[in-house]
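Protein chains in written order, with my numbering: chain A, 189 to 483; chain B, 28 to 339.
Don't read these hints as lab results, they were simulated from the structure. Keep in mind that a hint or two might mislead.
To be verified - Partial chain A-side listing against chain B, Cβ under 10 Å, derived:
(1) Met238
(2) Pro353
(3) Phe390
(4) Leu393
(5) Leu395
No residue lacks a Cβ here, since even glycine has one placed at the ideal position from N, Cα and C.
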Amino acid sequence: MSDARPDDSIAGRASRSFDGLTSNLTLESVGVHAFLYGVALIFLLPYLYMLTLSFQPRSTAIDGIPYWIPPEFTLEHYQYLFENSLIVDWTINTFIIAGGATLLILVVDSMIAYSLSRLSWPGQATILGIIVASFMVPYYLNIVPLFTIIADLGLVNSYWGVVLPAAASPLGVFLLYQFFKDIPDEYEEAARLDGFSTFQIFTRLILPLSRPVLTALALFQFVFNWNAFLWPLVVLQDNAAFTLPIGLVSLLNAQIYRPGRTMAAALIASIPLLLVFLLLQRYLVQAVEMQGVTE
Amino acid sequence: MSIRNRLSGLTRTEEGHKRQTIGPVSRETLEGYLWALPYLAAFAVFLLWPLAKGLWMSAHDWNPLLPSESEWIGIQNYVELLNDPFFWGALWNTLYFVVLTVAPMVVLSLVLALGVNRNVKGKTALRTIYFSPYVLTIAVVAIVWLEFLSTDFGPINYYLDMFLGIRPQWLTSELLAMPSLAMTTVWWLLGFNFVILLAARQNVPERLYEAARLDGASTWRQFRDITLPQMRNALLFVVIIQFIYQFQVFGQPYVMTSGGPDQSTRTIVYYLYQSAFNQQSFGYAAAIGYILFAILVIISLVNYYVIGGDNE
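Bound-form chain A, shown alone (with noise of 0.2 Å):
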């Protein structure tokens, strides 16, 4: 019976390829590599675009034939975004939005975690249950009240205005209440035994155990404020106040059809972020996991 089929081994699937020369498994993985690389060639092609009208003068941008190359290579369009647009003051507004929201988010979060998961208090589950449910608050349906509320508090057009609410957001407590849960009890019976506080604890030993799920955490609310949308667009009402996105649409508007400069724009507010993943994708693709294994 065992002969029957090769098993899963490693021997069993390197028999199997051997065998596979000749028969159709070879013609299947071809089949699959090809499929899995041409849809991968698809989700290139936007990309190259991208670069490619970028560097075009709109002579060559507006012929009506797509060039994959740059027939003609030009710098203006970087040039001109740099001295007379504001994609500058953009991107520092970004970079302190996004990474003001991803700090606070990260201690704030952190924080009531760790009450949650390692401190007792009545009404724990209570608070616990409430904010698991406002997961099904949908993230847009808020805006008209929120915004009366941050003009109330007079943060219309700043950086508060942007970044408070940011920090209302139910994911970061959830992913960090699982991953605190499951520290074991025994590193913090220790601790306490060395005459550790609670602050103590929270500093010295259940953050640094916690940072892979830190670094995923914060790096995905990196990438989500930096690019986030309705809400800067709602809030930020000053171009000079404008984050990328924003601001990329505000260039899109203007008077002559440029595409040249709006690709350009458009590939100065993606290389933060490009980069970042390259380097750091690891992370990235756990805090998605993490979502999808967590609920």
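For this one, chain A is given, so just place chain B on it according to the hints.
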């Protein structure tokens, strides 16, 4: 820092930590509240309070300049909404968009995840490529696809014209505008599903497939009887998340079509945005928000019971 040396004092602290009470509230309780406070304050002010205020606003003819002069009108905003053809149009457009995006996004990401899970070369590179658009802002995605789908200058139409002699009006015809936004969205967000489904597939115990192979089960049988049931929770999660997320689509129509042509891509959140920030009808917009909320709760429950119902 030899904290260890002060052992005697420590035991007392340890004792005190558990027992000491300040008034009726124990020390640990007090500490617990303090640690939770910063988040709870943000949560109360920026999530719960607007949730309640939105409901209150939706019962008013809200005056954005003089809120205290707003007139209480009960459920009139909701009644008006249900009789508003633009609202129904936006709701219909949104449902259409959801159908156009969720189904292909789930199926394609499942196919890609199962493919990558096989013994393919360059798994990491493939994962990077499929996932990478997910880290872009919708502003970038929309702008790039605006050029990509451009009727006169875009590459898609250039090749379609060359081989088939057609130049479809991707973003300016009522027939194709919404599918074009859907196509853009699939490219942008597919990676999220892909990552979750790939992780779920990798968690399926390989011995189940070994046993099935010994029994001579076909690839299709293995997919139907092992892969699908084992990945059900992940699939359910992905479907519900995408339903909720795609229902709130805003950036694509805002940047790419301005809701047109002839309002055919105006979605619920876009209509909410216009009602509030173009027409200053804050009460009306708040009511739209609440209807959206109700619809999403219903969709989630239906999804949960239809797909995940006989769990256990």
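Index of numbered hints that the structure contradicts, given in increasing order: 4 and 5
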